[in-house]
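Engineer: If you want the building blocks of each chain, they are given just below.
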Amino acid sequence: MDLENQKRVKEYAEQFGPENIVVLLGAAEGEAAGLAAETVTAGDPTFAGPLAGVSLGLKVYHICEPEIKAEIDEAVYDEQISMMEMVLDVDDIVNEMTAIREQYCKY
Amino acid sequence: MNGNAVVKGTSYVLVHAPDFVINNGTTQTVERIVNPDSDYLKSIHSSIRSYEEVLAYPPNQVYLGNLTPKDLEDYEFPWYDKEVADAKRFGKYGELIPEDEFIALMQICDAFDLLALEENFVSKAKEKLSKHPLINETMLSKLKDGQSLEAIKEYIDEYKAEPLYFNREIVGYVKRAHEIDDTLSAHVLLENLAYKASGVLALLHLINNSGIDREAIDYVIDCSEEACGDMNQRGGGNFAKAQAEVAGFVNATGSDTRSFCAGPAHAIIEASALVKSGAYENVVVFAGGTVAKLGMNGKDHVKKNIPILEDVMGGFAVLISKNDGVNPEINLDIIGRHNIGTGSSPQAVISSLVTDPLDRAGLKITDIDKFAAEMQNPDITKPAGAGDVPEANYKMIAALGVKRGDLERTDILNFVKNHGMKGWAPTQGHIPSGAPYIGFAREDILEGRIKKAMIIGKGSLFLGRMTNLFDGVSFVLQENSRESITEDTTRVIVKETIEPLIGIVAEDSELGKDNVLEAISLAENKGYRAVLIEGDEAHRKMDDMLRKKEIDAAVTMHYSFPIGVSTVGRVITPGRGKEMFIATTTGTSSTDRVEGMVKNAIYGIIAAKASGVKEPTIGIANIDGARQAEKALRELEQKGYDIKFAESARQEGGIVMRGNDLLAGSADVMVMDSLTGNLMMKLFSAYTTGGSYESTGYGYGPGIGEGYDKIVLIVSRASGAPVIAGAIEYATQLVKHNCLKVAGDEFAKANRAGLKQILEGLKDRKPVATDEEVKPPVKEIVTVEIPGIEIMDIEDAAKALWAEGIYAETGMGCTGPVVLVSEANISKSKEILSKAGFIK
Amino acid sequence: MSILKGKNIVIIGDRDGIPAPAIEECVASAGGNIVFSSTECFV
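Chains as they are written, first to last, in this note's numbering: chain A, 1 to 107; chain B, 108 to 947; chain C, 948 to 990.
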């Protein structure tokens, strides 16, 4: 994850309390989604950014996961996301995200 | 009316840049600041690929045009562990320049004495660059004497200069241009000089590939993501003119167009509009490559034990010209655009770029044969988590098609396969964005494989932190409608719809005027058009009519071709009635016999291709010099010039042809010196008539030579009506197949393969004349021929006249070599030449 | 219990996946409170 984005995530977690933050991802692949999710839960796996060694354990989802889709206005989802839903490998993304949440999410 | 601009040529270049990856790519420079002891930095040296590995990397060979995007499908993914067996540095679109030659090119492009090089490095690099087919003396002369390594290192330490490396050693530096101004820091200037040099290389290849005169370019648009300026005008710009200056486009002005990765697509639409409006005729859209992005995803590559694949900078150039009725058009009626109000959702973006413009034009998604959105190489992006970008784009287009009902959901993968391509472009921002396909699209359309291609540029404006907006534009490249020419040029319309007009000058025919008229009527019966040019000054009239394009080609009984030009005859061989090109039959390709035969082979290939023979086979007549000519041609072939060698029909085979092979027509093109060729022409044309009347074949053919810009065909004074009619047919085919363009292309290809060096190597090293070089006097019109001079002495004869203040040119008259002088100087010239022993 | 409604949402979009502005529209429709939104670019 971009260094600036890591810094901002860390600041907001401090400001609002990590239990009150939800991170939503738009990554193109399961693996990339998993890496970003790992960064905001277990810490930066590349040890490059401000979240290196910082385990925030934030709640994190990909926008295409079914529990998120269920909360979004159907028409908006259709207009903004539905086409990409056909393009992305949603099953792979869901598997990666679920695995990371089960392992590292604290809230 | 449709005056759509056309894509007349393209070039694509790559720069091997391993040391820039290590020292200047931002991923690495940032890592050095935040994590100086990281494993990544320690392992980076062992993850760098050699020049040979980068050259053999399949996506790179596609970028250079040695493979097609379709060929890439034959390589199993991933590609980083695959090699192209016969990888070549030069492809039909450009080259992969090695890093040392590139660093020297950076110095050639340095106008402010900012870049210094180490003495040994610069002398070796200069030596290598001097053999580069497109780097001329003027450019080479910009290389400065090198400094000692000690002085270089001292300067770097003292003045914060940015070091330049080759093979991991310091070989020079780029210094800052201002002590305080960040925009003129050594770091920025290094990036900008590298950018400039790679763009210049793309321009040089474009000129070579398109065959256009560099002075004919009147506007240049740089469309990269780079910026140049100083602290008071950080993006002041006009990289475009800075690069075109080095490339010698003296008649061009220009400007820069920016929109992140969408820049090229915007610039091509702008260029097409400038051309269609008539403001400019020839506009070049181009870009060099970016240093900052080298190794951008290197950490992910290294982590997965993949070599760092972002180790080349890219560059490209596209020539947009006035509609020529041939090349693919940019259809300005089908422009897709992401508007400010469009929104950022992927489907809003794709709708605005793909389906909205097609809807406006009444077309379906499937009416576009190929889409080219962002042609990033998935080998690079997949390990970095960005997925297969081209495939994602194709899926998005297909998914949109499903939502609209153009496609079934089950058709998505088929659509991706049929209307898409695998990505092959380096992740150099503006480079992958649609642009890499334009070269292939032009050929696919010209050769009838597809009719329409959509080029899509997309840009991430939010990276500049000024807006969250996305950006993108698209355009359609389509088959030329050939309706381009409007009422005010009706003659050209006529030319396109009816047969070319061939002028005939036959004052000296031994068979009389009736024979010529009979020939014209024979030709007209076959649907060809010819006109007889008569009168005292028929040849002058003929030249005039050619210049004014009142005739498309000419057939005549003698003509003074310059040295370097000779004619390719065409006969019907008696064995099986097969046609054969005799290269060559009159004129002189070179004063050196073997060099002449090598050139004749190329002239023969040109004449055959321009007569519709797609892949002509070449044989060499078994005469003095044949083996040396064969050796040179084989070397040329090995260095990348495509020659199909014929096989002798005799038992021992080989490309050297015996008399039997001539009779059987074993090769499409039979190479020989022009005196032998002349003899053969007469034998093949008149063996049935006893000699006084040439009754079969197509005559002695067109004069061909590098840069020769007329189509003039020769027949003999003994050529009968059927042969003259054959010459009219031959001429018509040459016009229709655009012989001059074919010639330009072939010479460009041969030169790229090192023709000049090979020819140079052939010549015996004759001692250089001791007398000082004679300069020609002021040029004047020369009309009178002095014949009777030995071919080997012809240039010396002209120089002997120059030395006496008489302007003279050399040429080929109907009886052999001639010196041409003005009417006023004729008697004095003869006197001088006679005294010097050149004539009796 | 809803995941988004009334929560502080940090959005990390992807240029080649779903960009942040598209996710913003979705979050707004679900009643989430967007505190930060950014799109990453790998190419």
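In case anyone wonders, no lab produced these hints; they're calculated from the structure. Hints are supplied without guarantee of correctness; some may be wrong.
Derived EDC-like pairs (lysine to aspartate or glutamate); straight-line CA-CA distance at most 16 Å [said to hold, decoys possible]: (1) Lys-716/B to Glu-554/B; (2) Lys-952/C to Glu-67/A; (3) Lys-952/C to Asp-73/A; (4) Lys-559/B to Asp-518/B; (5) Lys-69/A to Glu-972/C; (6) Lys-411/B to Glu-31/A; (7) Lys-249/B to Glu-261/B.
Engineer: Each of the hints needs a verdict: does it hold here or not?
Structural biologist: Going through the hints against the structure:
1. Note on Lys-716/B and Glu-554/B: the hinted pairing holds, with a Cα-Cα distance of about 15 Å set against a maximum of 16 Å.
2. Distance restraint check for Lys-952/C and Glu-67/A: the Cα-Cα separation of roughly 13 Å lies within the 16 Å cut-off, and the hinted pair is therefore satisfied.
3. With a C-alpha separation of about 12 Å, the suggested pair Lys-952/C and Asp-73/A falls inside the 16 Å cut-off, and the hint holds.
4. Between the alpha carbons of Lys-559/B and Asp-518/B the distance comes to roughly 20 Å, so the proposed pair goes past 16 Å and is violated.
5. Distance check on the hinted pair: Lys-69/A and Glu-972/C sit about 12 Å apart at the alpha-carbon level, within 16 Å; holds.
6. Under the criterion of a C-alpha separation no larger than 16 Å, the hint pairing Lys-411/B with Glu-31/A is consistent with the structure, at around 13 Å.
7. Between the alpha carbons of Lys-249/B and Glu-261/B the distance comes to roughly 24 Å, so the proposed pair goes past 16 Å and is violated.
Checked against the numbered hints above, the structure breaks hints 4, 7 and satisfies the rest.
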